[in-house]
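Protein chains: 2
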Amino acid sequence: MERYGIIMAGGSGTRFWPLSRKSLPKQFLNLTGKDSMVNETIDRLATVIEKDHVFVVTNAAHADLTFRMTNGRLKRDHILAEPAARNTAACIGYAAMEIVKKYGDGIMGIFASDHYIKDESGFREVLERAVRTAEEGDKLVTIGIKPYFPSTGYGYIKRKSSGLLTEGTGAAEVEEFVEKPDLETAKRYLESGDYLWNSGMFIWKASVILKQFEKLLPDIYDCLLTIGESMGTEREREAIDEIYPKIPKISIDYGIMERAENVFVLEGDFGWNDVGSLDAMETLHEPDENGNVVCGENISLDVKDCVSYGESKLIAMIGVENLIVVETNDTVLVCDKSRAQDVKKIVERLETEGKDKYL
Amino acid sequence: MERYGIIMAGGSGTRFWPLSRKSLPKQFLNLTGKDSMVNETIDRLATVIEKDHVFVVTNAAHADLTFRMTNGRLKRDHILAEPAARNTAACIGYAAMEIVKKYGDGIMGIFASDHYIKDESGFREVLERAVRTAEEGDKLVTIGIKPYFPSTGYGYIKRKSSGLLTEGTGAAEVEEFVEKPDLETAKRYLESGDYLWNSGMFIWKASVILKQFEKLLPDIYDCLLTIGESMGTEREREAIDEIYPKIPKISIDYGIMERAENVFVLEGDFGWNDVGSLDAMETLHEPDENGNVVCGENISLDVKDCVSYGESKLIAMIGVENLIVVETNDTVLVCDKSRAQDVKKIVERLETEGKDKYL
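From first to last, the protein sequence lines stand for chains Z and Y. Residue numbering for the first sequence follows the numbering used here, beginning at 298 and increasing consecutively. Residue numbering for the second sequence follows the numbering used here, beginning at 298 and increasing consecutively.
Treat the hints with care, since some could be wrong.
Which copy is meant is left open, because identical chains are indistinguishable; a pair holds if it fits in one copy or across any two.
[What the hints assert, rightly or not] Restricting the straight-line Cα-Cα distance to at most 30 Å, the calculated cross-link-like pairs of lysine-lysine (DSBU-like) are:
1. Lys654 / Lys331
2. Lys399 / Lys348
3. Lys415 / Lys477
4. Lys443 / Lys457
5. Lys415 / Lys652
6. Lys601 / Lys654
7. Lys398 / Lys654
8. Lys641 / Lys601
9. Lys484 / Lys455
10. Lys512 / Lys399
11. Lys652 / Lys601
12. Lys601 / Lys642
13. Lys415 / Lys512
14. Lys634 / Lys601
15. Lys457 / Lys319
Note that these hints are calculated values from the structure, not bench results.
Chain Z extracted, bound-state conformation:
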């Protein structure tokens, strides 16, 4: 059975401001110094899913940018343009319909465009097993991340302790998906060993997930059917532009994963990070002996546990700790590391104040 990669690139990435902008969301940033996040996402699928079978679903406004930035990796018609952001269920349903209608059924693996994975071959090894699990039938497969601290920022997936499927794939039956916990609960999850972080990576047959839409999200399924009927005809763009913005906004987790049966999870332990805010730079780069991560030119005196990211200027720091300093072509950000999440509040204020040039 053919394998397809679906990369979801619809995010606005306001928490990565001022690096990320409306015109350049996080997935296009080169944060590792190697390549953009979306290109790294495509490339790391390698051996498991070939580039010719990779799709990117993105906002229509970013479709051309995606084509240019992926630099020959993607076929032009593998960039699926959403006329509006309708959350992950719509996005995945659209991609599933595209595959079924235009390429016949196939295994589809769904990935965020802006996550980091340190151990890429470890990732591919788990992904290969996930694909083989999905190939077995009508299973909904996800990759859960082995937690290494009691995070309150991620949802969790609970495995059935007796749910080991086969020696071959190591997939376990899922007992439940749970929302972001408080710290005490997160500690309990970590100790139990039954819980994994929900990374948002899903693997299944396109036909199988469409059946789930039909059963659990019939309103969305109707929209997808109408779009599907137009596919390959000259009405396709028109139908998408008309129907897609009306699809109910719901996440695949809430709409299907938490309610479906036959959900299986494989444990991943390959240095995953969702790069949710600027402090993730510490994961993407090895801190020096003072705990500092430096990208660009920097000169420091008595500086500890800081992130210094300069695009063009020398950043000089004296006597500071736990700061994130970012310099871009029009902005300097100085943020206490514990407040990295609040960058989005600055973005909101800039919006309110009409300072669009900084967005």
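Position chain Y relative to chain Z; hints supplied.
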């Protein structure tokens, strides 16, 4: 008797990096948002010393820059170019000789080019009395600043408690000049009421200070005599270039003020600040209700007691306190306020590392 203003503009201002540079020392910076420090220094003499009688002594490398930046305030031949920096005694002796030889004797008032004075008319009132004190004869007059905290960063001047000279000028005889004290001593000075900060402002007749050079610094006096003999002849530049770099390096405080008799001080209380390091920005600008001083564009969230100085970029700050953030065309500085003095260490390191473009 004619009055002359001598503005010493020989500093390199490394503590104001990255705003100050080798090619743009502190005196040329516009830190108040009104005008450059040297222009404010010239202008505030007004009514007491007219612009036509103001001289600036500066490094030969900055002579043209001084002429341009003072924007018509100075006659070209009132810019006295030092071929080498030889400390304040040499600088003042050169200016005194220039006045005596080319303009006849006169009162000369000596001022730093890079200090700030908030109450300019208060300053002029004291200066006028200082000039009249100097006109009385062979007195060496200085203006001491009424201390308002036990500073360990300034030298002090002790008045004789019985030393009030006249009701008219309010000058007091000086008992001694003392070096920068430790904190305990500074506290004692503050309490006693007899001590004033040494601001480096001096007022005397040119002929009187030259007599002091002859008596207390005869080596320097010999150099000044040789230079003086060349003045007004075509050998003048040549003589200065040859002799001046050989003048012993000594400060006027150490060389003359601490050793001379007949020294008088007037108390000044007009919001003086020597703008010695970047934290002085708090004195030059009124902090807002959160204690922040903002120059340029800034957006902040939970920020207290910070200085934000942006030349061209938006500076965004989140959850930080007591920081100085400065953005210039090629550099960003992020410095804990208590470490503002250490900016010069960064400059030294840039020199050592050969990163001249940032100096």
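Now for the hints, and whether the structure bears them out:
{"no.": "1", "hint": "Lys654 / Lys331", "verdict": "both (28 Å within a copy, 28 Å between copies)"}
{"no.": "2", "hint": "Lys399 / Lys348", "verdict": "within (17 Å within a copy, 84 Å between copies)"}
{"no.": "3", "hint": "Lys415 / Lys477", "verdict": "within (24 Å within a copy, 56 Å between copies)"}
{"no.": "4", "hint": "Lys443 / Lys457", "verdict": "within (15 Å within a copy, 78 Å between copies)"}
{"no.": "5", "hint": "Lys415 / Lys652", "verdict": "neither (37 Å within a copy, 35 Å between copies)"}
{"no.": "6", "hint": "Lys601 / Lys654", "verdict": "between (33 Å within a copy, 26 Å between copies)"}
{"no.": "7", "hint": "Lys398 / Lys654", "verdict": "neither (41 Å within a copy, 61 Å between copies)"}
{"no.": "8", "hint": "Lys641 / Lys601", "verdict": "both (25 Å within a copy, 20 Å between copies)"}
{"no.": "9", "hint": "Lys484 / Lys455", "verdict": "within (14 Å within a copy, 66 Å between copies)"}
{"no.": "10", "hint": "Lys512 / Lys399", "verdict": "within (23 Å within a copy, 102 Å between copies)"}
{"no.": "11", "hint": "Lys652 / Lys601", "verdict": "between (33 Å within a copy, 23 Å between copies)"}
{"no.": "12", "hint": "Lys601 / Lys642", "verdict": "both (26 Å within a copy, 17 Å between copies)"}
{"no.": "13", "hint": "Lys415 / Lys512", "verdict": "neither (37 Å within a copy, 76 Å between copies)"}
{"no.": "14", "hint": "Lys634 / Lys601", "verdict": "both (12 Å within a copy, 16 Å between copies)"}
{"no.": "15", "hint": "Lys457 / Lys319", "verdict": "neither (42 Å within a copy, 69 Å between copies)"}
Going down the numbered hints, you'll see the structure goes against 5, 7, 13, 15, while the others check out.
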